[in-house]
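Participant: If you want the building blocks of each chain, they are given just below.
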Amino acid sequence: MRRTGFVLMLVGLVLQGAAQSGTTTMHVRFTPTFNNGPLQLHHAERLADGTPVSVDRLRFYVSHIALHSQDRTSFIDTACHLIDAEAPSALEVSLTVPRGIHVDSISFLLGIDSLTNVSGAFGGDLDPTKGMYWAWNSGYINWKLEGACAKCNTTKNAFEFHLGGYLPPFFNAQRIGFAVPSKGAIVINVDVAVFLEQAKLGERCAIMSPGKNAVELTRLAASVFNTLGRDQ
Amino acid sequence: MISKEVIDQGQGWCLQASVRFSGQLCGIFRSVFYDLPLRFFASLRLCGDSFFCALHRSPFSRIKPALAVVLLFFLIAATTQHPETVQLKIPAGWPSPSYDFSKNPLTKEGIALGRKLFYDPILSVDSIVSCSSCHLSYTAFTHVDHAVSHGIHDRIGTRNSPALMNLAWSTSFMWDGAVNHLDVQALAPIAHPDEMGEDVAHVITKLERSSTYPRLFRSAFGDSTVTGERMLKALSQFELTLISANSKYDRVMAGTEKFTEQETNGYVLFRANCNSCHRAPLFTTGAFANNGLAVDTTYRDAGRMKITGEPADSLKFKIPTLRNIEFSFPYMHDGRFKSLRNVLDHYAEGLLHSTMLASELRDGVVLSKDERTDLMAFLLTLSDREFCFNPDHAFPRE
Chain A
1 MRRTGFVLML VGLVLQGAAQ SGTTTMHVRF TPTFNNGPLQ LHHAERLADG
51 TPVSVDRLRF YVSHIALHSQ DRTSFIDTAC HLIDAEAPSA LEVSLTVPRG
101 IHVDSISFLL GIDSLTNVSG AFGGDLDPTK GMYWAWNSGY INWKLEGACA
151 KCNTTKNAFE FHLGGYLPPF FNAQRIGFAV PSKGAIVINV DVAVFLEQAK
201 LGERCAIMSP GKNAVELTRL AASVFNTLGR DQ
Chain B
1 MISKEVIDQG QGWCLQASVR FSGQLCGIFR SVFYDLPLRF FASLRLCGDS
51 FFCALHRSPF SRIKPALAVV LLFFLIAATT QHPETVQLKI PAGWPSPSYD
101 FSKNPLTKEG IALGRKLFYD PILSVDSIVS CSSCHLSYTA FTHVDHAVSH
151 GIHDRIGTRN SPALMNLAWS TSFMWDGAVN HLDVQALAPI AHPDEMGEDV
201 AHVITKLERS STYPRLFRSA FGDSTVTGER MLKALSQFEL TLISANSKYD
251 RVMAGTEKFT EQETNGYVLF RANCNSCHRA PLFTTGAFAN NGLAVDTTYR
301 DAGRMKITGE PADSLKFKIP TLRNIEFSFP YMHDGRFKSL RNVLDHYAEG
351 LLHSTMLASE LRDGVVLSKD ERTDLMAFLL TLSDREFCFN PDHAFPRE
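Going line by line, the protein sequences match chains A and B. Under my numbering, the residue at position 18 of the first sequence is numbered 18, and the numbers go up by one with no gaps. Under my numbering, the residue at position 140 of the second sequence is numbered 140, and the numbers go up by one with no gaps.
Bound-form chain B, shown alone (with noise of 0.2 Å):
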């Protein structure tokens, strides 16, 4: 499911995500109606006899109504499917996550179900945009060659779509850091009348209401009660799933592939220019940063400052991952670059100088021409095509 090559070395650790049955079988009742039973069954099996003649000649016959109940337990035991427990594989090397895993153990079913939800329009108010439409699987989960991303009704949002992975890393979410657990994440796209224009307890009643997710509620958390805890929880679980660690990067500090001679001057470049706020392996610290952007008058959007109310923090944005860079052009929160060429010509000449310009920006960033087509050798090997390409991050076809 995740990237097979590089994660299981014997170094990663496993998040051993444990299941649990609330409101199954447990206690007393389920050794009354499932143990014993079960070894009922054992010793029926040591007759050597069909069945019914077994229960006959059997000494339990004279507990037979007793006997009949037990075995309708026992088969609505043996029907209930509990949900497989999923182990996330963590890149080796790699820190340990920031999400808390205990809190919503991943299974097979519910990873299934936040996939189902994750590309489905039923979560929009007019049916037509699902998560997937502003995050594309094959181009890293973001809504290539769009600047801004169009909701319901072809409106226009004020940012850029911003690639999807690697979240259980994350320590928040948006572009300012409104968001601050990926489990909440998705009520903000939801809500938004620019983008799904929803309210949230309608799509609740929307899938209560469907033919289909009731039973994917069962299957992935044990009755088919729809709730919006659970359907977060299922999203968050499809979407820490997606995990970015098979890059020729990754490769070549595996050492199982080399750099050109090229992308090794480029990663010369990297770590003298970029390395302080898209440090490896995530490519980002998950701070906020003003990078030296004009303000877009337009849009005018003052990033961090909006949620913290504090001045020193206008014009600041998330510092976002440079992994699969290669797919998620436009650049920048409001992707008013075209291409990555754009991007380093703003770190070389554009930067607009001002007080609460990034520390790490303030003397410049020194870059020939052929340095920046070096330094773009190298982003090009952050792309992770088998993570862009895995089926199981794709549309479900059922």
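The shape of chain A in the complex, shown without the other chains (with noise of 0.2 Å):
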């Protein structure tokens, strides 16, 4: 019975090892910057006009990763990722592909899609005790940039951008993508001057429900996201 026993975890092994000989890991890894330097959260930065400002907190959500080859979809990771400044595990999403994968471009929603939004509670990074998740009206955060701006003339000028949303005509999640090299981790900058620069600061520094400006909001943080290539 030992042997019987031996042999079937053998032959389990075995399997596992046949099932995922195929696949290789790839990683896509976020790296959050103020202009061309790392962000340093709870640290004092200038905007161009030497305004002064802080940033305390950036989370945002990375779903639908999809990977490309000449112009067709050779990937597609169905998981939904929460990124968070804060911690450093939580900057790299890492995808199981098949080997050999050639890739030379990559898209993925920045936010959750409506399906999602509307199916209820979910585990792991959608678990609602993410702080990502409206309690007063369901629905997703998808970006949460916090911190505080001169331009702002609110409590300890304090800027806050908490934003979703997932119904028509507001549809929250922008689509981004562009090309990547061949080779290596795929590095995604996200440069937050560049939205703190265009957010218009001194007219809104507080947007926390789903609507106009939220829509236009995600569209410019969509536009930080840009690539450097890919780290060897």
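Bear in mind the hints are in silico, worked out from the structure with no lab data behind them. Some hints here could point you the wrong way.
Simulated restraints, written as ranges between beta carbons of each label pair [said to hold, decoys possible]:
no. : chain 1 : residue 1 : chain 2 : residue 2 : range
1   : A       : Ile-101   : B       : Asp-392   : 53 to 59 Å
2   : B       : Ser-96    : A       : Leu-115   : 18 to 24 Å
3   : B       : Ile-122   : A       : Ile-101   : 31 to 37 Å
4   : B       : Ser-98    : A       : Gly-131   : 24 to 30 Å
5   : B       : Lys-338   : A       : Glu-92    : 38 to 44 Å
6   : A       : Thr-154   : B       : Tyr-138   : 45 to 51 Å
7   : B       : Thr-212   : A       : Pro-38    : 43 to 49 Å
8   : A       : His-43    : B       : Leu-71    : 58 to 64 Å
9   : A       : His-42    : B       : Lys-206   : 38 to 44 Å
10  : A       : Gln-70    : B       : Val-295   : 58 to 64 Å
11  : B       : Asp-100   : A       : Ile-76    : 20 to 26 Å
With a straight-line cut-off of 25 Å between C-alpha atoms, the simulated DSS-like cross-links for lysine-lysine are [what the hints assert, rightly or not]:
no. : chain 1 : residue 1 : chain 2 : residue 2
12  : B       : Lys-116   : B       : Lys-206
13  : B       : Lys-116   : A       : Lys-130
14  : B       : Lys-206   : B       : Lys-108
15  : A       : Lys-144   : A       : Lys-130
16  : B       : Lys-206   : A       : Lys-130
17  : A       : Lys-183   : A       : Lys-144
18  : A       : Lys-130   : B       : Lys-89
19  : B       : Lys-116   : B       : Lys-103
20  : B       : Lys-306   : A       : Lys-144
21  : A       : Lys-144   : A       : Lys-212
22  : B       : Lys-89    : B       : Lys-248
23  : B       : Lys-306   : A       : Lys-212
24  : B       : Lys-89    : B       : Lys-116
25  : B       : Lys-108   : B       : Lys-89
26  : A       : Lys-183   : A       : Lys-200
On a predicted model such as this, the values are computed, not experimentally measured, just so you know. Every residue, glycine too, gets a C-beta built ideally from N, C-alpha and C.
Could you fit the two chains together into a complex? Lean on the hints.
Facilitator: Here you go:
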């Protein structure tokens, strides 16, 4: 019987190994930046016109990552990933992709699709305890950026952008895509300075509900994603 | 557990909620450490001798070390409690539920956990307010005699607490439909500063630290990890069992009782004047409507428009069920009417005509004083005392 058990386990391991031999791990790394340097939370920075600004929190969802080769989609990841500037481990997404896959561009959704938004409670990165789910009006927050800027005429000059919403006409999540070199981890910079420069902080410092402003600002957020290529 | 007489008449279909045991015995592991020892035990019993003697004499005696390991796993497997599947019985003739049970299969342990959470003020920041503070089982899970409810530190809200029943058929929640799924409904009162005023992540921390909850989560979900998803799904499981389908109206429809003459008159009036929005068997269409109420000058509550941003949704509120309407006074989203008589007087005499008024009400509702009395007699046949006093719905005494 011991032999039977051993053989069974061995067969299991071999089968598992065979199933995995055709795959490899590809990393997609998000690097929050402020201008060209790494973003430091709770750190005094300056906008281009010299206005003091600091960022206390940056969190966003990335979902439906697709890898493409010569305009054909070669891989789709159906999971939703929470990227958090506060947690170094939550800046990287690992994809299990077919070995030898050729990738020349990547696309993904900044935010959560509408089906997930109406399908109840989820766990993992989508658990409502992650601070990225609205209690008063069901739906995920796609992009959360908080901090302070002298341009904001608010308590402690605070700005709070909780951007989300899935109902038309204010569907909030934005598709982002760009070409990437063919080797190494895909590195994507997220330049918060560009967002803050263009967010018109003098006019609006707190957008925390779905609507026109939220869509406009999430489009702006999507525009600050760029890639410098792949990390060899 | 659910009302017993009406529902299972052979026509109602059953939800076969399958139980999943993630992280437990499965596949090869199960066959090696569970099925084989089981057969081994069966062979031991055939020896007709004591266990240890049998061990020595059996052909398996040469492999005692392996046997010890196998026995250990067998014991673990034997002591692991599996959640017990619960089949929610759907009342005969009712539509299919909207809730997707495949994503949250009901189990006895899951329902018990949800029930404990429902009655536990641990969900609120000051450990005083529980779900049941505003949703009392004996009054069809609403806050009787409160126009609007009070939460932590006696803070007063702006809306009348809705009665909870037949939630598996609801497609939106709250008076303005702000919540789109039963599983995420509890997040709203937990976080609201006038209700429970708590951070849901902190609730999870408190549950993790409690002496009882990790065990209950293990019973319900296979391991003791406490997560927001599990807490919310357990609450849903309990709430989904709150089915009210055994009122006098239901028994009359099933042919086991008869309306009085006055109730019959009321039923005819109901079908002519109310049925298009409060449609049987749920006595609501689940839609939103402007029913001719003037805006309250204190709350200035725009209703559905707050969620959709559409001016056409101004002053629209969820059409509530009329089941157990006897217990859920005062009425309307802000509890402005103290009695059913006040409500019927509003429809007959007080409708505020506007471009947003529900089309069904545009021509007015003609009801004499006597007809209103008859209609009330019918509405009282929607009371389900078995539902209100079902011990399975009440505070869980241990």
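Participant: Look at each hint and say if it fits the structure.
Facilitator: Status of each hint after checking the structure:
1. A:Ile-101 / B:Asp-392: 53 to 59 Å: Hint holds: Cβ distance 54 Å, inside 53 to 59 Å.
2. B:Ser-96 / A:Leu-115: 18 to 24 Å: holds (20 Å)
3. B:Ile-122 / A:Ile-101: 31 to 37 Å: For A:Ile-101 against B:Ile-122, whose Cβ atoms are near 49 Å apart, the range 31 to 37 Å is violated.
4. B:Ser-98 / A:Gly-131: 24 to 30 Å: holds (28 Å)
5. B:Lys-338 / A:Glu-92: 38 to 44 Å: violated (60 Å)
6. A:Thr-154 / B:Tyr-138: 45 to 51 Å: Given a distance of about 47 Å, which is inside 45 to 51 Å, the answer is holds.
7. B:Thr-212 / A:Pro-38: 43 to 49 Å: holds (45 Å)
8. A:His-43 / B:Leu-71: 58 to 64 Å: holds (59 Å)
9. A:His-42 / B:Lys-206: 38 to 44 Å: Given range 38 to 44 Å: violated, Cβ gap about 28 Å.
10. A:Gln-70 / B:Val-295: 58 to 64 Å: holds (59 Å)
11. B:Asp-100 / A:Ile-76: 20 to 26 Å: Taking Cβ atoms as reference, B:Asp-100 and A:Ile-76 lie about 23 Å apart, which means the hint holds.
12. B:Lys-116 / B:Lys-206: holds (14 Å)
13. B:Lys-116 / A:Lys-130: holds (24 Å)
14. B:Lys-206 / B:Lys-108: holds (23 Å)
15. A:Lys-144 / A:Lys-130: Measuring from Cα to Cα gives roughly 12 Å; hence the hint holds.
16. B:Lys-206 / A:Lys-130: The hint holds at about 16 Å.
17. A:Lys-183 / A:Lys-144: violated (31 Å)
18. A:Lys-130 / B:Lys-89: With Cα atoms ~35 Å apart, A:Lys-130 and B:Lys-89 exceed 25 Å; violated.
19. B:Lys-116 / B:Lys-103: holds (21 Å)
20. B:Lys-306 / A:Lys-144: holds (22 Å)
21. A:Lys-144 / A:Lys-212: Holds, because 16 Å separates the two Cα atoms, which is no more than 25 Å.
22. B:Lys-89 / B:Lys-248: holds (19 Å)
23. B:Lys-306 / A:Lys-212: holds (14 Å)
24. B:Lys-89 / B:Lys-116: With a Cα-Cα distance of about 22 Å, the restraint between B:Lys-89 and B:Lys-116 holds, given a limit of 25 Å.
25. B:Lys-108 / B:Lys-89: With Cα atoms ~14 Å apart, B:Lys-108 and B:Lys-89 stay inside 25 Å; holds.
26. A:Lys-183 / A:Lys-200: violated (38 Å)
Hint compliance for this structure: hints 3, 5, 9, 17, 18 and 26 are not met, and every other hint is.
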